[in-house]
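Number of protein chains: 2
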Amino acid sequence: MPVGTQGTVKAVPQETLESLGVQIILGNTYHLYLRPGHEAIRRIGGLHKFISWPHALLTDSGGFQVFSLNELRKVTDDGVRFRSHLDGSSHFFTPEHSIDVQIALGADICMAFDECTEYPADRPRAEESLRLTMAWARRSLDHFHAHSHEVPWHEQEFLPPNGGVPPVPRIGGPGRPRTSTDDPSASRMQCFGIVQGGMYTDLRRQCAERLVEMDFDGYAIGGLSVGEPRELTLEMIAETLPLLPRDKPRYVMGVGYPDEIEQYARMGVDMMDCVLPTRAARHGLLFTSEGRLNIKNKQYAEDKGPPDPACDCMVCRRYSRAYLRHLMQSSEALSGTLNTIHNLAFYLGIMRRVRDALQSERAAPVLDR
Amino acid sequence: MPVGTQGTVKAVPQETLESLGVQIILGNTYHLYLRPGHEAIRRIGGLHKFISWPHALLTDSGGFQVFSLNELRKVTDDGVRFRSHLDGSSHFFTPEHSIDVQIALGADICMAFDECTEYPADRPRAEESLRLTMAWARRSLDHFHAHSHEVPWHEQEFLPPNGGVPPVPRIGGPGRPRTSTDDPSASRMQCFGIVQGGMYTDLRRQCAERLVEMDFDGYAIGGLSVGEPRELTLEMIAETLPLLPRDKPRYVMGVGYPDEIEQYARMGVDMMDCVLPTRAARHGLLFTSEGRLNIKNKQYAEDKGPPDPACDCMVCRRYSRAYLRHLMQSSEALSGTLNTIHNLAFYLGIMRRVRDALQSERAAPVLDR
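Chains as they are written, first to last, in the working numbering: chain P, 56 to 424; chain W, 56 to 424.
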């Protein structure tokens with residue numbers, strides 16, 4: 056899932072995301088709450104309408120940014136007090152408030168409010184953090200059940216501002232007319248729980264079991280990719296994944312490098328998000344079939360070849376490394392746009408190949424398995 | 056002609072320019088000479104290949120930027136010495152060098168090296184400046200005739216880096232195979248002269264007549280939109296235009312506002328360039344059928360309507376004023392992209408309507424004229 060922090064996947068128009076085959080993007084509740092504000096987005100008809108994205112959307116709980124962008128936060132059992140990174144104003148997030156904000160944004164999937172346990176965390180600290188996360192998960196889900204019908208798009212049709220029609224068929228999302236064959240949950244908002252527990256497999260297990268009892272619509276594994284060695288990330292995923300229902304989406308938050316997302320997807324992870332492909336692109340780091348490529352390097356100054364000879368994306372079909380380097384050296388806005396489009400195409404291509412491979416394995420006769 | 060200063064119409068991919076119907080863009084010789092350097096672009100195969108723009112391109116002579124970006128320039132009869140705005144290094148431009156650089160860039164149209172007379176300029180100053188411009192025009196054209204065959208794309212076909220094909224038919228430009236019905240000049244580089252003369256109609260006339268004698272491929276009216284009142288701009292165009300051959304392109308440089316370009320086009324001006332639609336866009340100023348709109352204004356914070364209700368561009372069909380304002384307030388790169396696309400669509404729409412109107416007038420029976 057490409058990350059659309061402030062209601063835009065940085066530097067890429069929604070039309071281009073569609074042509075890349077993006078099915079779902081992520082919005083950051085913390086950022087949208089501060090600007091333009093969730094009530095403004097509610098009045099406009101929800102985040103889908105606001106950003107003109109008639110496909111699936113997921114919002115995080117805001118917790119991660121509250122913790123990572125705020126040195127002076129104050130955590131109590133009730134919630135977290137923090138200062139806006141924009142103007143220093145004071146705000147208080149509780150599980151209930153996070154869910155309220157997410158309902159106002161009206162994504163297809165919202166996330167329970169959790170505490171992302173830092174790394175390293177000793178056992179008492181991880182236990183205490185997990186206690187909060189589990190209590191907040193319960194409160195998030197209860198509040199979600201009581202208020203999720205308040206989404207701004209409930210029973211509405213999606214209409215673009217100028218009376219046009221969405222350029223591609225809807226994949227999911229608000230106001231999609233429900234058909235008899237639909238999963239009933241497809242036309243309502245969903246809420247996912249988040250498994251924490253630091254790097255302690257027994258705490259992870261305890262949390263997973265408790266969340267599954269609560270019966271969320273899907274489950275995320277959070278608190279990973281926070282500085283721990285990659286073997287530990289893998290171990291936590293491998294230990295936790297089997298505890299989560301296979302018939303519900305399983306989502307690993309905040310990962311990762313191309314080989315990581317392929318590995319996790321093959322293990323059974325259904326969803327992942329990361330700023331890496333988009334943020335790295337803006338800094339000139341391209342992911343290619345030949346490895347990582349820093350487009351700023353002088354060696355590409357007169358390189359007429361495409362960024363990735365094996366890539367069929369609109370950037371590789373048209374532009375040379377020399378041109379992309381020039382755009383970067385000249386601080387041109389198009390640099391971020393083209394680099395991001397390629398990196399997203401590369402990431403989405405990995406996921407497409409994994410999906411295809413899983414599909415053929417499934418389609419193969421039993422004897423061949 | 057949208058301005059593509061550093062080899063990119065800022066924030067807009069070439070694919071989008073094509074879908075907007077852009078037929079020609081302008082590159083700035085001064086900027087491309089300094090970065091990445093004209094020799095690098097020559098080795099890559101010329102500006103068309105470098106930026107992947109298989110349509111028409113025009114380069115200016117570099118003179119305007121030499122004069123406007125350099126406080127410490129030193130002008131002699133031979134040329135201009137100036138310091139790079141990038142690193143302070145010293146450079147010397149002569150008419151011959153400007154043409155050499157433009158041949159290395161290999162646009163379809165290059166411009167004679169001129170001095171853009173400042174405003175206000177008294178009569179002796181305007182006369183002296185004009186003397187330079189006319190001498191430099193002669194030297195530019197002579198050098199062009201002697202060296203224009205050195206364009207990097209001579210007799211070459213245009214091929215994108217990854218073996219793809221240009222997505223839309225070529226409108227003109229390098230390597231287009233010549234057919235028997237073609238104007239022979241269509242498959243070679245062209246050189247335009249620039250009429251200067253300050254705000255003195257007799258000097259303008261003198262310059263126009265001299266340039267026409269020299270027999271350029273087209274003629275520009277320069278030294279306008281440099282701070283003079285608009286009536287003066289209009290007077291200079293009205294006085295100069297009839298002196299320039301109707302069967303060659305007539306180009307007014309550096310204009311203008313939407314109503315200006317419509318007015319000049321109806322007077323017979325064939326080409327215009329201006330950074331206004333693109334630069335204003337990046338600062339949040341949108342041109343619409345309802346007038347100018349500053350998208351930063353608070354009144355648009357929850358405005359669900361399109362930027363311009365009468366506009367059919369991809370931005371107005373999909374995005375709301377509220378969203379464009381949010382992107383601007385959040386300093387998102389997509390802001391510049393979407394605002395620019397709309398402004399270009401608006402400008403191109405004006406020119407399309409003028410062309411259609413002229414065409415129907417021409418098609419109407421003589422009695423109705």
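One should not assume that every hint holds.
[To be verified] With beta-carbon atoms standing in for the labels, derived distance ranges:
no.: 1; chain 1: P; residue 1: L413; chain 2: W; residue 2: S74; range: 31 to 41 Å
no.: 2; chain 1: P; residue 1: R321; chain 2: W; residue 2: S74; range: 49 to 59 Å
no.: 3; chain 1: W; residue 1: P179; chain 2: P; residue 2: H140; range: 37 to 47 Å
[To be verified] Below, simulated SDA-like cross-link-like pairs (lysine to any residue); rule was C-alpha separation at most 20 Å, straight line:
no.: 4; chain 1: P; residue 1: K353; chain 2: W; residue 2: K129
no.: 5; chain 1: W; residue 1: K359; chain 2: P; residue 2: W208
no.: 6; chain 1: W; residue 1: K129; chain 2: W; residue 2: R186
no.: 7; chain 1: P; residue 1: K351; chain 2: W; residue 2: K359
no.: 8; chain 1: P; residue 1: K65; chain 2: W; residue 2: R194
no.: 9; chain 1: P; residue 1: K65; chain 2: W; residue 2: R186
Don't read these hints as lab results, they were simulated from the structure.
Note that the Cβ used here is the ideal one computed from N, Cα and C, for glycine as well.
* Checked against the structure, which of the hints given earlier come out wrong? -> 2, 3, 4, 7, 8 and 9
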